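Need the complex rebuilt from these two chains, each delivered in its own frame; the hints are there to steer you.
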Amino acid sequence: MYIKVIKIAAVCGMGLGSGLLVRMGVERALKKAGYEEKYFSVETTDISTAKAVWPDIFVTSSEFAKQLQDQKVPVVVVKNLFDEKEIGTALVPVFQKILDERS
Amino acid sequence: MDSVIKFAVDLLSKASILIGIVAMIGLIAQGKPFGAIVAGTVKTILGFLILGAGAGVVVSAIVPLGGLTELGFGLQGALPVNEVFVAIAQEKLGSVIGYVFAISFFLSVLLARFTPLKYIFLSGHHILFMSVLTVGILGISVITDPTTLVIVASIITGISFLTSAWVSDPYMKAVTGGDDIVMGHFGCGSYVLGGYLGLLFGDKKKSTEEVNVPEWLGFMKEPLVAMAVVMWLFFLLASFAAVMVGGTTRVGEIYANNQSWVLNSLMSALTFAAGIGVILLGVRMILADIVPAFRGFAEKIVPGAKAALDCPVVFPYAPNAVLIGYLTSIVGGVLVMFLQIAMNGAIGAVIIPSMIIHFFLGATSAVFGNATGGMKGAVLGGFFNGVVFTLLAGTAYVGLGQLGFSNSTFGDTGFGMMGSALSFVAALFTP
Chain A
1 MYIKVIKIAA VCGMGLGSGL LVRMGVERAL KKAGYEEKYF SVETTDISTA
51 KAVWPDIFVT SSEFAKQLQD QKVPVVVVKN LFDEKEIGTA LVPVFQKILD
101 ERS
Chain B
1 MDSVIKFAVD LLSKASILIG IVAMIGLIAQ GKPFGAIVAG TVKTILGFLI
51 LGAGAGVVVS AIVPLGGLTE LGFGLQGALP VNEVFVAIAQ EKLGSVIGYV
101 FAISFFLSVL LARFTPLKYI FLSGHHILFM SVLTVGILGI SVITDPTTLV
151 IVASIITGIS FLTSAWVSDP YMKAVTGGDD IVMGHFGCGS YVLGGYLGLL
201 FGDKKKSTEE VNVPEWLGFM KEPLVAMAVV MWLFFLLASF AAVMVGGTTR
251 VGEIYANNQS WVLNSLMSAL TFAAGIGVIL LGVRMILADI VPAFRGFAEK
301 IVPGAKAALD CPVVFPYAPN AVLIGYLTSI VGGVLVMFLQ IAMNGAIGAV
351 IIPSMIIHFF LGATSAVFGN ATGGMKGAVL GGFFNGVVFT LLAGTAYVGL
401 GQLGFSNSTF GDTGFGMMGS ALSFVAALFT P
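Chains as they are written, first to last, in the working numbering: chain A, 1 to 103; chain B, 1 to 431.
Think of the hints as simulated: they come from the structure by calculation, not from any bench.
Be a bit skeptical, because a hint or two may be false.
Unchecked claim - Cross-link-like lysine-lysine pairs, in silico, DSBU-like; alpha carbons within 30 Å at most:
1. B:K6 to A:K31
2. B:K376 to A:K32
3. A:K79 to B:K300
4. A:K31 to A:K97
Note that the structure is predicted; figures quoted are calculated from it, not measured.
Chain B on its own, in the form it takes in the complex (with noise of 0.2 Å):
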């Protein structure tokens, strides 16, 4: 008898099983055939292994650069990129995250049923991410006790994505000029910043959307292609560096091998964006068969409540603040670095441009200051959506870096600002 409690014990302490048996229950509720079943739930279990395996990948690729910047600027540099931080840290924090991901979207489901703020979160990724953190934070240097983890964690987690969601709803019936949806991501902080910026500062009549936009920067928007070639120029600057202070040998040493440094910074950047394609693929998987059953079951619960949605979905109102949006994001994030190297850990951590995140967040960020201030709020809004998530993601770092997901952290702003919190509380709470 005690053989099978282990046996379930240890089953269910795997975060795997535990998102596949969330995917089938979603599954049988919605009354698919047992073929879809089997297929949705085995599936989603396999998006979790291909998630690890993922990770395995990307580290590998990017160990050197840690050394690297060590010997080259004496500094440690971390890059925000939060699939690469969950596909880490679902290892080290198992269930508890997969008991957090399905409770706190439950409980934010009750929270809308009773309360004014009808919105219903269905951005899976940013659900996963969010429970990742705070379990990440909690767990590691407060709560000690699971089920006490679970419980705090699922209720910061849930009354977060609601709070996120009604802060953009203003600024959303700017952007949409309707009535229906509002933002469901974390990077709601810079978005209403933004927001905000453009009308004090711009001109809405003067819209991003009269003006040429050059075309060849088009392959820019493909992530995985961006995150490869910009990934290089900073290996490169790295290694560039640290051949100057210590040698090509002990560059080589850092590479573990007796290459060029050219070719290992290319090989390294390359490696680190076909990892990065094969977590998405592991999320993809993880996302496809539960987000469509909490949906179907927030419908019933909250009927006629506002979906809260993922960032691109505003990208079609203002094609050309996107883009504005994402080289101005990347100009206020680069200066912050410097500031960082400058400052030399006084102001957190130094955090390398991550292309997923100026992308997203700047484009979106500029695609509010748009609908309120014109082109100067587009402008606005990308530069201080990177200067804002760069500051804040260095610090959020510190307490993220107890523990030992080296050289990753978190990237969103709204991620920066939770996890800036909680390592804050959770310092007043350590001896």
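Chain A on its own, in the form it takes in the complex (with noise of 0.2 Å):
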């Protein structure tokens, strides 16, 4: 089976520290969650640049929500950038919905 891979985009101010942060909280909360790491792909960017990413999914904190919700891409919201598990909460269903709508 040809598998799409889902792209993710962890955004902050610089792409430097917190989103990176973001992008590890985000692989180690699908993975936990029982994806494969074949199933998606989590790239850091900052603010400026995002757009520019065309992602499936935005992941971001409350600050950059505003600016990223004028595309067609779903925007996940979490406050504490550090936790897995509301990482895992806020993606995971909308992960899902996309994958079902994909196979």
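Dropping the structure here:
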């Protein structure tokens, strides 16, 4: 079966520190939820170039959510950027929905 | 045989290759598939080369600013943007940075294992910046032997990660209401000051989160956009002063063309921001595979340690304080800049406001101030962050200036503290 990878963008102001934390959290949360690594890829990006990435899902903090919401891409908002459980709870339903639509 | 050894030594003297090898070891240790190891290693090396290319763009844009401030105000100004400084410095300091970058982190993990300071510092960009700073100051003036330099710089840098995290710990409890994370960011001097001032003068019941902050200011939260806009203002100001003193022909010579100084100001500011964008891409690629590997390693050595994280992790706890701290920090920084101009070099170099530092440090100081002292704490935290880091960057620049990274310096309070202290010590040992 052909696998289409679901692309996730972890967005913060500069795309350096907290974006990378979110990326690691997303990877861990999805693996914990039982998804294999080949089904998704996570990229860190800054707020100014985020829209050029065209991911399937944005994951970011509440500060940047508004600036990303005008695209037709779902935005997952997390408060504690280091909390894998919170990331998982918010992200997994959105991720599963896209996975279902594709299969 | 000699040529093989020479090849190996030449190869390892390149910071980009060395960091690439660190990333490769990390990827292998995590048991990644072959393709991911190749891709991660190559991307890390490319990130380093992109960093250098971005530095070229930024330098070409800020070189005229030096000439303009000298002609217009008779003063040398310096711009505190860590990313620019690192990008310029890595070419001059070479592989020592690579060794210090890796060794200082592992040293801090070992210290966390055997001391009560159970913190893991996970802000890769700040590990890189602090390594460059200590190597830069110690390497040029005090320690000439590369091995000694690597050892001394790694020890100082490694200890700085833990102490910086440790001082933030009590205030992070007040900010997050939990006990899981601490601050892994070299703005802690400002954050703790903000928290302390809030405690002394504020009232935490009058929180920043109960007031309304105007929506249109939101664009200032994009660091690249804010940099472009504010730098244009500074280029316009410096160009105008230079035109008043020397006339349009001489200003044209500084910009190396005969176009209007208004247009030149605009293009220089935009080119500057574009170069920062390139550098950010480079740093992002350098860290993408190394930081997860560092984290995996540290979690095995010091299980249960608190993670020391990048400053924006506290932004969601007080979004209004973020904007308030940003603005009051700029006010503090601009006031000190005028003071530095008035003192004519007596209190260090003239520091041009950098929106990246004002945003991240000003905002975080205000979040700390708000947690202990509400609105008043946030305003004081932001304002004094601007004052303190601008003063420290000015004195640190005097030490860094000898390195010949003209017009560029470090920003964050912690870098200013370390830079000023090391410059002072270095001066004692320099005949």
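Tested hints:
The suggested pairing of K6 of chain B with K31 of chain A is violated, with an alpha-carbon distance near 45 Å, which exceeds 30 Å. Proposed proximity of K376 of chain B and K32 of chain A is contradicted: the alpha carbons are some 43 Å apart, above 30 Å. With a C-alpha separation of about 27 Å, the suggested pairing of K79 of chain A with K300 of chain B holds against the 30 Å cut-off. The suggested pairing of K31 of chain A with K97 of chain A holds, with an alpha-carbon distance near 17 Å, which does not exceed 30 Å.
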